[in-house]
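Required output: the full structure, derived from the provided sequences and hints.
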Amino acid sequence: MPLLALRLASPAVLIDLSAVPGLDYIERNDGHVAIGAMTRERTVERSEVVGSLVPLLTEAMPLIGHLAIRNRGTVGGSTAHADPSAEIPAVALALDADIVVTSAPRGERTVPAAEFFQGFFTTALEPDEALVEVRFPVAQPGTGVAFEEATRRHGDFAMVGAAASVRTEDGRIADARIVTIGVSDTPVRCRDAEQELVGSAPSAEAFEQSGSLAAGACDPPSDLHGTTAYRRHLIHVLVRRALEKSTSRSGDK
Amino acid sequence: MTDTIDVELTVNGTRHVANVEPRKTLADFLRDDLELTGTHVGCEHGVCGACTVLIDGQAARSCLTFAVQVRGAQITTIEGLANDGQLNPLQQAMVESHGFQCGFCTPGFLMQITELLNENPSPTEAEVREALSGNVCRCTGYQSIVAGVLRAAGQPSTANSGH
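In the order they appear, the protein sequences are chains A and B.
Number 156 in my numbering belongs to position 156 of the first sequence; there are no gaps in the numbering.
Number 74 in my numbering belongs to position 74 of the second sequence; there are no gaps in the numbering.
Hints were generated in silico from the structure; no laboratory data involved.
Note that the structure is a prediction, hence the values are computed from the model and not measured.
Note that CB positions come from ideal geometry on N, CA and C, so glycine has one too.
There may be inaccurate statements among the hints.
To be verified - Under 7 Å between C-beta atoms, here's a sample of chain B residues computed to sit facing chain A:
1) GLU44
2) ALA59
3) ARG61
4) LEU64
5) ASN83
6) ALA131
7) SER133
8) GLY134
Said to hold, decoys possible - Cross-link-like lysine to any residue pairs, in silico, SDA-like; alpha carbons within 20 Å at most:
9) LYS24(B) <-> ALA5(A)
10) LYS24(B) <-> ALA12(A)
11) LYS24(B) <-> LEU14(A)
12) LYS24(B) <-> ARG7(A)
13) LYS24(B) <-> VAL13(A)
Okay, here's the thing in structure tokens:
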């Protein structure tokens with residue numbers, strides 16, 4: 001709607017899916033939580049199933065706009081919109097979610113998040129396809145999560161942000177997922193920064209090095225809200241903080 | 001030539017049937033077609049919160065919703081709060097706390113607060129501030145608004161009354 005209000009988009013046809021039944025659900029399936037495209041963000045925010053099985057998604061919800069925005073905004077809408085500063089695409093990318101799309105002539109297909117987000121507001125959706133479900137893998141035991149953002153005002157779009165999911169086992173990092181937002185034309189998975197951590201014991205030095213790698217791997221835009229150098233600095237700090245927080249929440253409790 | 005669509009919805013307990021352009025926002029529909037001008041239009045892209053109404057009890061931006069999207073819904077606007085000319089407890093508390101100055105943002109604030117208090121009748125000051133973070137006021141500095149909400153909820157307040 002803001003795109004329409006600002007005359008940035010002028011679609012010939014606009015279809016409201018609110019009246020389409022069967023797109024509003026949160027289901028626990030084998031190894032993942034399936035969320036229907038028209039499930040409101042506020043519903044996800046309150047969901048105990050999501051809170052216990054996909055905590056990174058729950059962590060991201062309060063960062064999306066404000067209450068009145070989350071009452072209307074949907075998981076499918078945010079995913080298909082593919083704003084490079086948005087939280088839900090970042091979570092999908094970090095967790096290797098599967099995105100289910102469908103078309104009348106060809107039926108359903110599943111697109112991995114890593115292939116779904118292709119550019120500014122651009123996805124793997126074909127013109128005759130609709131997004132119907134996002135499948136978020138269930139967090140394994142010992143996983144801790146965090147989502148850190150830098151915003152000008154509370155609830156604004158993030159200048160930049162960092163999502164982290166860390167699983168520790170016997171005092172060592174067994175799995176690390178790091179995604180940054182607001183730094184490119186899509187959310188960015190920071191594989192080098194993840195690899196830096198896996199197998200090692202959590203330490204301030206490792207987080208610092210990982211933040212540095214994440215900052216070096218991104219090329220954020222420069223605008224009146226902040227320069228490229230400033231945003232890169234923020235990524236360094238936010239990735240480090242997200243790793244500290246997620247690690248402190250990880251491990252056997 | 002734009003096709004129009006039949007819309008049937010309930011606003012403040014009154015059923016309305018109308019024929020509207022699909023491009024017409026709920027805010028414009030309320031103001032222009034139903035002449036309920038208490039819903040204010042500020043930024044027209046969802047940032048300021050002045051146009052907030054309740055759609056089936058949930059706060060939403062009426063500038064980001066088309067009228068044709070709320071067919072069959074129950075809408076509550078600022079005009080729906082008072083009862084027979086009697087301010088409701090929230091409105092009365094806002095008056096007593098001087099929770100507004102120019103009044104432009106007030107309808108949006110009150111509708112957002114109405115949702116908050118329906119879900120959480122005794123919010124903490126932090127919860128009030130979080131709930132109101134999506135509404136912009138350029139007069140009060142917010143202290144007196146937060147005080148008004150806490151007064152309505154019968155909660156102690158550290159926010160001063162704005163004086």
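Hint-by-hint comparison with the structure:
no.: 1; hint: GLU44; verdict: 5 Å, holds
no.: 2; hint: ALA59; verdict: 4 Å, holds
no.: 3; hint: ARG61; verdict: 6 Å, holds
no.: 4; hint: LEU64; verdict: 4 Å, holds
no.: 5; hint: ASN83; verdict: 24 Å, violated
no.: 6; hint: ALA131; verdict: 6 Å, holds
no.: 7; hint: SER133; verdict: 5 Å, holds
no.: 8; hint: GLY134; verdict: 3 Å, holds
no.: 9; hint: LYS24(B) <-> ALA5(A); verdict: 11 Å, holds
no.: 10; hint: LYS24(B) <-> ALA12(A); verdict: 15 Å, holds
no.: 11; hint: LYS24(B) <-> LEU14(A); verdict: 13 Å, holds
no.: 12; hint: LYS24(B) <-> ARG7(A); verdict: 14 Å, holds
no.: 13; hint: LYS24(B) <-> VAL13(A); verdict: 14 Å, holds
Figure legend: structure checked against the earlier numbered hints; the only hint not met is number 5.
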